[in-house]
Amino acid sequence: MLRYTLRRIVLLIPVLVGLSLLVFTISHLLPGDPVKLAAGPQATQADIDSLARELGMDKPLPVQYWNYATGLVRGDWGQSVLTRRPVWDDLKVFLPATLELVFAALAFAVIVGIPAGLLSGVYANRWPDYLSRVVSLGAISMPRFFLGLILQLVFAMALGWLPLGGRFPIIDEPPPALTGFLTIDALAAGQFGAFWVALQHLAMPAIAMSLSPLATITRMMRASTIEVLQQDYVLTERALGLSQKLIVFKYVLKNAMTSSLTVIGLYVGWLLGGTVLVETVFDWPGIGLYATKAIVSQDFMPVMGVTLAIGTIFILSNLVVDLLYGLLNPKVRYE
Amino acid sequence: MALLEIDDLHLFMRSFEGEAHVLNGVDLAIDRGEIWGVVGETGCGKSLTGLSVSRLVATPPARYARGAVRFDGTDLLRLDEAAMRRLRGRRIGMIFQDPTTNLNPVFRIGEQMVDVALHADGADASVLGLPSGASRRARKAAARDLAIRMLDRVGIPDAAGRIDDYPHQFSGGMRQRVLIAMALIGRPDLLVADEPTTALDVSVQAQILRLIHDLVRQDGLGVMLITHNLGVVAQICSHVAVMYAGSIVERGPVRAVLKNPTHPYTRALIAAIPSAATARGTLKGLAGSVPNLIHAPQGCRFANRCDRALPACREGRPATVEPSPGHRVACNNPAGEAA
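Protein sequence lines correspond, in order, to chains P and C.
Take the first sequence: its position 133, counting from 1, is numbered 133 in the numbering used here, and each next residue is one higher.
Take the second sequence: its position 149, counting from 1, is numbered 484 in the numbering used here, and each next residue is one higher.
Rather than coming from a laboratory, the hints here were simulated on the basis of the structure.
Taking CB as the label site, the calculated pair distances span:
| # | chain 1 | residue 1 | chain 2 | residue 2 | range |
| --- | --- | --- | --- | --- | --- |
| 1 | P | Tyr325 | C | His548 | 35 to 43 Å |
| 2 | C | Gly368 | P | Tyr325 | 42 to 50 Å |
| 3 | C | Val537 | P | Tyr325 | 30 to 38 Å |
Here are the simulated lysine-lysine pairs, DSS-like style, with alpha carbons at most 25 Å apart:
| # | chain 1 | residue 1 | chain 2 | residue 2 |
| --- | --- | --- | --- | --- |
| 4 | P | Lys254 | P | Lys331 |
| 5 | C | Lys475 | P | Lys245 |
| 6 | P | Lys254 | C | Lys475 |
| 7 | P | Lys92 | P | Lys293 |
| 8 | P | Lys36 | P | Lys293 |
| 9 | P | Lys59 | P | Lys36 |
| 10 | C | Lys475 | P | Lys250 |
| 11 | P | Lys331 | P | Lys250 |
A short, non-exhaustive set of chain C residues, derived as facing chain P with CB atoms under 7 Å:
| # | residue |
| --- | --- |
| 12 | Arg420 |
| 13 | Arg423 |
| 14 | Gly424 |
| 15 | Met429 |
| 16 | Thr436 |
| 17 | Asn437 |
| 18 | Asp450 |
| 19 | Val451 |
| 20 | Tyr501 |
| 21 | His503 |
Note that the structure is predicted; figures quoted are calculated from it, not measured.
Glycine is no exception: its CB is placed at the ideal position from the N, C-alpha and C atoms.
Can you make the complete structure from the sequences, with help from the hints?
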């Protein structure tokens, strides 16, 4: 399994080369001149030329790509032409915020969706099933930003239980950076008060983002539970007296989880690429806002950096999913 | 009182077209040490009869209209679910047809066997034989030991080394052995085996049948062996019951029934077995088809295919004749030496 993992990680390289090439080409095919945009409306042609030289953007495209690609390996992901900040430094700030949001949303979706789908399948066409189906249909139909607004109205404005937005109070000292996930960093530093504050900030945006995967996981889980319950081995387990509880929560659960696992892996990429609306509503300092600003101002380097980062995380999370298959199903063996 | 007494059991099954009368007064008694073969064609109700013994038929869509399934004198159809569950796996063991689909593929076989053993021990502490205050760990360890002993008994080589293997690491015949070990781990009094060899290679079939035969003989179990193969019945059963369209038409000691088949359906069934001596093109079948059980005929359900049918056969339930002690035939115009 170690060899398999290593091989998958090595295979990441050609994928990333292809991805970077694609992003690079597309961003340079777009109409408009980012250098002109960055130089400002009053810049003369000479200013623009010197800025282009400074940024290395006067060279032929293949040379530019080569410089970019070799820079990636050294940890130099280029710099934004607008802010002149290195992309890598920005990613280090914004990416963990978004990842924390995405993983919290997925965790919520799994923790609620798997049991809900399981019970829905066990009680198919009875009231727990109807309840979960109505809720998940509603959840999948509602736009995330709209749900975010409703959550804010209820839990922040009316009840005052949760903060309206943001990631952490500006006046407070955040926990020492370790993973970049504030909740985990706070726990690691033993600051339980800070953990609670960070969790309160995380709750609403994470729930708003989790609804779509939650609904999908619930429905996948329901379908596979119904299918597994009809398998011969469940009849054998019943015939030999095992309790309904043991059959459902041990023997059926493990069989039924495989299909949901696939969905979870795919949702990592989907959520990472779609955080911008939720980040806007909740004023969450994440990669979605960062990327949107860069796209609007044709700031190529951050766009390419974000795309590569999301691509890498997506591929890695699907590798984790593939490895988890092996835990769920012994017939899946990695050589 | 026999170990298992199925008494005038009537089962209806709801379907899109209406309610089918799928078990029409099944009568059967099985005692310890007896191996009963229940034979009949697909859809005759033999599997539903077997499942009824463990009350595994879902109600609805099924409905028991009349009759009783008495196990050790208790009517299982009136038992509450918890009490019924204590019997399953402990006093009543079951084996099903396809060993490739009856073991949970994502759990080690030992894990599944240990759970069955722990359940059986929960119903009757003598299964593991531990004192009542034994810890969960001690019970698990004892259950695992018992599982290894059972695997060894059913002929799995290197049982201790293979208990942590997954089902797909075993061949079909070996998997059926595992399932037999699982069914017998609670030391049941009754074993219901629903076509346990149908899905296996012919060469393996004989081994599995011999294994079942030897094990139940050693422990004196009562067995209901559901099959459509009269050859299997002849080899290992002490008694046979022939089912047709939801009723048992002929039953008795295997020798009496096979030597002197008296119901026209039994005779047709035996005549349909091809042998090596059967000449090409002379394979015998049975004309006609099973009646629709949603609007089942009033009288004998075999009457429409029977060449000996009398007018009375179409009116009421056929009379029972007893050609020899214990050999009972539900027929108004029996063939063979009954008349």
